[in-house]
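Chains as they are written, first to last, in my numbering: chain H, 1 to 450; chain D, 451 to 900; chain V, 901 to 1415; chain Y, 1416 to 1930.
Hints should not be assumed to be uniformly reliable.
[Stated by the list, open to error] According to the in silico footprint, chain V covers these stretches of chain H (three or more CB under 8 Å from chain V):
#1 150–159
#2 191–205
#3 230–241
#4 261–274
#5 303–314
#6 318–325
Don't read these hints as lab results, they were simulated from the structure. Just so it is clear, CB atoms sit at the ideal spot from N, CA and C, and this is done for glycine as well.
Below, each chain spelled out in residue letters.
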Amino acid sequence: MGTYIPHTDDEVASMLSFLGLASVDELFEVVPEALRLQRGLELADGAGEPDVLARFDELGENNRARNDRLVCFAGGGAYDHEIPSVTKALAGRSEFVTSYTPYQPEVAQGVLQAVFEFQTMISRLSGLPVANASLYDGASAAVEAVNLGVAASGRQRVWVSAGIHPHWRQMLATCAAGTGHQLSTIDLADGQTAWPEVDGLTGDDVPGVLLVGYPNYLGCLEDVGAARDICDRSGAILVVAADPVAAGVLRSPGEWGADVVVGEGQVFGTTLGFGGPYLGLFACAQAHVRRLPGRLVGETVDADGRRAYVTTLRAREQDIRREKATSNVCTNQTLMAVTAAVQLGWLGTSGIAELGLRCARATKYCRDALLAIDGVTPYVTAPVLREFAVRTPVPAEVVIERLADEGFLAGIALDDGYADGDHGLLVAVTERRTRSEIDGYAAAFAKAVA
Amino acid sequence: MGTYIPHTDDEVASMLSFLGLASVDELFEVVPEALRLQRGLELADGAGEPDVLARFDELGENNRARNDRLVCFAGGGAYDHEIPSVTKALAGRSEFVTSYTPYQPEVAQGVLQAVFEFQTMISRLSGLPVANASLYDGASAAVEAVNLGVAASGRQRVWVSAGIHPHWRQMLATCAAGTGHQLSTIDLADGQTAWPEVDGLTGDDVPGVLLVGYPNYLGCLEDVGAARDICDRSGAILVVAADPVAAGVLRSPGEWGADVVVGEGQVFGTTLGFGGPYLGLFACAQAHVRRLPGRLVGETVDADGRRAYVTTLRAREQDIRREKATSNVCTNQTLMAVTAAVQLGWLGTSGIAELGLRCARATKYCRDALLAIDGVTPYVTAPVLREFAVRTPVPAEVVIERLADEGFLAGIALDDGYADGDHGLLVAVTERRTRSEIDGYAAAFAKAVA
Amino acid sequence: MSPSDQKEAVVQTAAGGKATSAPLLGRDAEPTLFELSHPGRRAWSFRTTGLPETPIEELVPAEHRRSGQLPLAEVSERDLVAHFTRLSHRQFSVDLGAYPLGSCTMKYNPKVCDAVAALPGLAGVHPAAPAPLTQGWLALLVELEEALCEITGMAAATLQPAAGAAGELTGLLLMRAWHDAQGSTRHKVIIPDSAHGTNPASVTLGGYEVVTVPSDERGCVDMASLRTVLDEDVAGIMLTNPNTLGLFEEDIAEIAAAVHEVGGLLYYDGANLNAILGVVRPGDMGFDIVHMNLHKTFATPHGGGGPGAGPVAVSERLVPFLPGPRPSRLEGSGSPVYGWVVPERSIGRMHTWHGNALVLARALAYIQANGGNGLRRIAEIAVLNANWIRQRLTGTYDVPFDRPCMHETVLSARNLKQPHGVRALDVAKRLLEEGFHSPTVYFPLIVDEALMIEPTETESPQTLLALAEALERIAAEASTEAGATMSQAPRPTPVRRVDEARAARTLIPTFDARP
Amino acid sequence: MSPSDQKEAVVQTAAGGKATSAPLLGRDAEPTLFELSHPGRRAWSFRTTGLPETPIEELVPAEHRRSGQLPLAEVSERDLVAHFTRLSHRQFSVDLGAYPLGSCTMKYNPKVCDAVAALPGLAGVHPAAPAPLTQGWLALLVELEEALCEITGMAAATLQPAAGAAGELTGLLLMRAWHDAQGSTRHKVIIPDSAHGTNPASVTLGGYEVVTVPSDERGCVDMASLRTVLDEDVAGIMLTNPNTLGLFEEDIAEIAAAVHEVGGLLYYDGANLNAILGVVRPGDMGFDIVHMNLHKTFATPHGGGGPGAGPVAVSERLVPFLPGPRPSRLEGSGSPVYGWVVPERSIGRMHTWHGNALVLARALAYIQANGGNGLRRIAEIAVLNANWIRQRLTGTYDVPFDRPCMHETVLSARNLKQPHGVRALDVAKRLLEEGFHSPTVYFPLIVDEALMIEPTETESPQTLLALAEALERIAAEASTEAGATMSQAPRPTPVRRVDEARAARTLIPTFDARP
Ligand SMILES: Cc1ncc(COP(=O)(O)O)c(C=O)c1O
Ligand SMILES: Cc1ncc(COP(=O)(O)O)c(C=O)c1O
């Protein structure tokens, strides 16, 4: 049996005798007899490390959609971006991996400084002055942003663009059951949010928060200015769900006038990993810093006046504020934040720009190639950056199934109300896709829909 | 182009101007014009990391004999043993990987202590009081041992058992061309060295060194006592080439009376890696410590009396002793020594015994299974531990080729004078081989020789 | 160019090769990546794609194009590596030494689980790939769910919540959905005054009002006061058992009966599950909803603050409300086929995808490595270690509740206040100098000068002894002259005591906000 | 059982969880693994094989069976990890900071090469597998050989030597084989007095006698004295160019002519190849035999002292003598097929297998990443960095040979001797306190108080400046009171100056030899 317990039987015996106990069972005498489990757990006995590894290796073999076997054209919030050896090596250092929340800053400057650098980078990406130390994922960041927006605006009505990832909207709905927020989904027209007229609305109908994607779920670039305009006229808080990978080429949400920016940070060095752990990004304007959810690292000095870092504005947090806290988040995704800091350090000023540009180039090339196929038509015409949707003559599920046999993960079938009766496929093309991969994909695609 | 150079063009320019130079070419003016390369190197331009990785991944795909695809029954000095995650993680720490020889002990206690612990473990394994910090591989350790033996005995004649790995014997011969040692190969009789009579030999014929394997290349357990006896009677130095993986179950060479023990340390946590880098093990009796080749770490104290480690007896070494050095080795295989220290720490007292026992069990099971096959006969009858040879009705090369198609690396074809006209296959069975693997192997084997 | 000009040229940029911030060599501050940045440097490289180099103008409409560059650090790969390697040397971790941080279960994280999480067949899978292409992952998740249900004694579980707090909110939303389904609207959720801060915070997010019940002199829920607050308006109660004092709520059966009596549900905060693995199961205690912290009980590494995973298991009657879609073994003969199923009355999603999948994989690997037998052993030794420390330190430190504890023990440093005003904080900082991470301090709130010590089962008796001796030395010091200087601790660390007040007063949340 | 008995029971064993030996927390010594050992503990686990559990008696004859157990450390995985992690924190490395260790070329080691060396398709291949099953490896080795030949200007190379010194011996044996083939027996090999110690040591192992030629005032081989020792008994000469003073041997063509004149061969010690990549090639200088240190020039990590790789390239006439078997591209049409070929007059094997294969793979990856253009740039910047440091420190330190240097520069600390007797050793130790690894000291032997500084191309101008400023501070200190205390350095390190004399006097080579 594999075990990670150091104690030998003699040691256990001598510790028990120190406690005046005759057996380990006596340690649990406080547990009412009637409640105790009268049998062993019905789980297999412990296995050695090699056996365990072998089992999981086999599980992996049963996943056909691994990106070392199927060339990945799927996106929808999870992308197959380059992860250099240096990011894996540094973010994998055991000091980062096996430590916890920096409660003792004197021995946690490593994580604290890395997070401080992460916050700085996310602040620059979003164009807003403050970013937190991470949230669970994009969806949970959106939920927190809506909570902040409602508290800040004092209004429960939330206008959520249909261009927001459907899973995010589902999670918003789940959480609204608790908070009582009123969510209104605002439909898209040709890939962009068709915001309703706000003037003249009264009472409950006046939105307190607007949530828009940039680019949105269909990959389209939204007119964030229009949303900003509504917020100016209604006093609503503008939350932009931005794809951070585009930050090197697109105007920053801050520049567009966002009050809060959220995003999915998986694109910065975190593996696809079947959806997690990922990285919830959260940045906001100075005005909202005391409503910021999650941890925040700040710079200060130590007793000798040396520069030092520490988690700060703790008075917002649940362990101090309890039921009045801005959020309940405690454990977050710090390791992914450190990973993103390394990855963004690796990218740097020129790399982040190059990354966005390369995604856009590959996407255009791929989109043109697919639209050249008989029966494949644009899903919408709004401008896209690194992801796009097409209408397919056969169900998207069938396209995906057929292309898997050709060595491609074709994309994501549009559902959740997008497909409007029609067949829609969402295709993402990252900087990792080569011309020959895309040509091969288009050829297989043509066969699949012929 | 991938580059690891930080300098920007402006920086280069300002550094040049600081030196009063107009161009980088001027840095090389000391190089006679006529000698300078008048063209660029005829090598492809630099490639980015992902392209480089992709190329090597493809090279790997062209190696059919990878142990994640072919179940490994090959040995002959390189074995497919368990390498736990913990060994990879710890020996892979960049402090161990990217440092060099501990010339500044104050900032190299990590490597120094790890090597000190390694030396202690190898000393215990060999049954001798001193072990060095590693040599290149088993063969080079054997060469150094013979050099030591000749110097210690003052006699050039070296009796080398034919049970020593043929490649080692070839390297001994290569180096003897320089040292002038006279090597005599002593044949095997049914798997064990048939030492000639030593009494009555005179002058040049009297051996100064005996070199015997334990177990030997055919996997057989030699009567080391017989060799010891010859040494006692002739004053020769006894060098035992021991398989360290067997140390948990076999009498130690030191107990057998070895003066020097050498071995191949790959078995302790180092990957097959197509033969390198491996780990040359070297241990000797106290009497020979001043003739020890390579580095030696010793315990001492620092200025505050704190326990500390440092490389010692440096006066033997080439950087001080120059042409009178005991050896020319400088860079050795320290990282593999650290790896072995971790692996032996992981194995511990019970693990090293279990390892030998499991190898022996699997070997017996496999040998019995093969010998049950028509036409497959024992190569020799001497007792074996974790490796054995069989005679095959078809050439061993053919067996290997056929079993590769069935998913097995069948073993090593005996040549270099072993096969004595017949077909011989050397088979190694480590603790990693399961019953179903061995059964499958035997079944495929039967088909292959039918 | 003179040396001084030279200096000009480069002085803006810090020296990436200078290592005085590595504690091995010195105590300097490590420059930020931005200070190591030099215009024009780079580390990145991408695949050669062979794609046309379409200009940005043809790709992004003018109004969407960013005007200037997005400034990030510009460093060489060498400086990037040196920077983060030095930072790692400024960071304590479980791999360096004991981390008895109460309530956090900082046990050893087996390296084999890292290898599992790095397998290309698991790490390289896109979460939106259809079920037929991800059978391995689905099988893994179903196996984990089943194991967790067996361990907790529940009927089914969701693996979506990304951490404990997310699990709590999930549980409260399940509570709400359940009561709605019963057609009853309730407003209150009861929590003990010893509860972890995430509990009340989650209650608020669940749309409930917190009702706090005090602990009695035994450190357990005060039954009397509980009964006074129990009524039809109570949706449920949140408990952790053993509670945050490390004490087992012996009246749990009675509590369960009383709460169920008024139609309320029992929520189990599983942060302390390590104490009872294989010994007693929340389901058997009467709990309806259970969250687990896989990053505690099941040894998935804490990552400097995350990621974690907080699966929620429920009793039969709550299964239809679980978040969806759920990984499920589909009926049918032959080798099992897996797919996604949405419970008919699901509260909806609680994660963008399927939860922190690679953390879930690590936890299953850990469960398989230990096995049913090994898991119980974990609880036994964790409790043994905690009681040994408690016993050993009784008398040296105040023991607010003098009863056998479970996997952790809460002591108090209030006895050290005289003569030199030594506080729990000082003990925590001073302990760093002894080579141990500090316990959790000032929690639970109901204990004054609390020191919450959780050794976990992976620390040896020798480590426990050394920890106890260190705490004894500190207590002894407190009464001597040394006690007066304890506020100086820690001394050997790369930074000394950090000015938290200043950080909050003049907020510097980014490098750009520096004065 | 009383606390004190308790202590008895465990005190023999050190506390694996105590981290005061990690410089982050303290300055204690780290216990050895043997002191952390406790009877009965274990970390190992093997595959479940399902094989019969045959007793040892049936497997190993009595006379071969070991009597007692083989005692090793018995530790938990947790303690094993903590021990080696703490040791790593007590170790300086390139990844932590600049390492200007002259002659060792401690440049940054790209992480991508680690990934290459870890590929299952390379790392998992048995070296005895026949050629048809290892085509990828053979192709890799052939490509590397070709690249190295292009870089050095030679005809063919062997990849077998495991390090530079092994390459030297290989080269000398090639020399011997060549002369034998010419039917001439020669006894002498010439080396300059500035040569690295491995050169004379290898000469002896090659069966030759060392003849040393002095350096002239320029720091180069003294032509006059060379001519006096050149005769028909000279088998060859070993040179490194640039030499160990970091100076280019400008008379190399003349030297080559003179040596060839008497029928001798020229051996190139490639330790300093980094300086001339793509600029000038040993082959074009007239060398017949060239060894390379891949762990220097081609950035394969030094591993705390190894592994390295020391391929030897030769000119056309020596090809038939190369060690074998050699990986070769076999003639034939279509996609290339690779196999092993033994040169007809091969001197034989110089490695058990094919050399340090995974090191060779790393080097090829590095060559491909940099490319032909990148390799020349490496030489340019390496030389630029060294000259900048040299120029900057001229006047502060003695410059024994006042000429432009190549990739490294040798300064002397003799000017610091007065008034406080500060020596090169003190400078080296004091520099550690400034956050840099020390240069090579007291080598080459012909320079008194030598400080041999090789910055390499991967250190930035900012790092160079900081290094220069540190060395300037130290020089300034030497003349002040601080100079008197410099023998105290290093101060912040986990151990202070180590007593080397004592280590040699009372040898403790193993834990078991401790008094
Ligand atoms: C008792 C208790 N409940 C809940 C939590 C919250 O868990 P998490 O940090 O995973 O959100 C914690 C962990 O900090 C805890 O200790
Ligand atoms: C000039 C010179 N020659 C030869 C060598 C020997 O190389 P290696 O250490 O790889 O055996 C070295 C390295 O130390 C060296 O610096």
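Verification of the hints:
1. With a cut-off of 8 Å between beta carbons, the region 150–159 of chain H has 0 residues touching chain V; three or more are needed, and the interface restraint is violated.
2. Three residues within the 8 Å Cβ limit are the bar, and the region 191–205 of chain H against chain V gives 0, so the coverage statement is violated.
3. A count of 0 residues in the region 230–241 of chain H with a Cβ less than 8 Å from any Cβ of chain V is obtained; the coverage claim is therefore unmet, three being the minimum.
4. Here the region 261–274 of chain H counts 5 residues with a CB under 8 Å from a CB of chain V, which clears the bar of 3, and the coverage holds.
5. Coverage of the region 303–314 of chain H by chain V holds. Counting CB-CB distances below 8 Å, 10 residues qualify, and the rule asks for three or more.
6. For the region 318–325 of chain H, the stated coverage by chain V is satisfied: 8 residues place a CB nearer than 8 Å to a CB of that chain, which reaches the threshold of 3.
Consistency note: the structure conflicts with the earlier hints numbered 1, 2 and 3.
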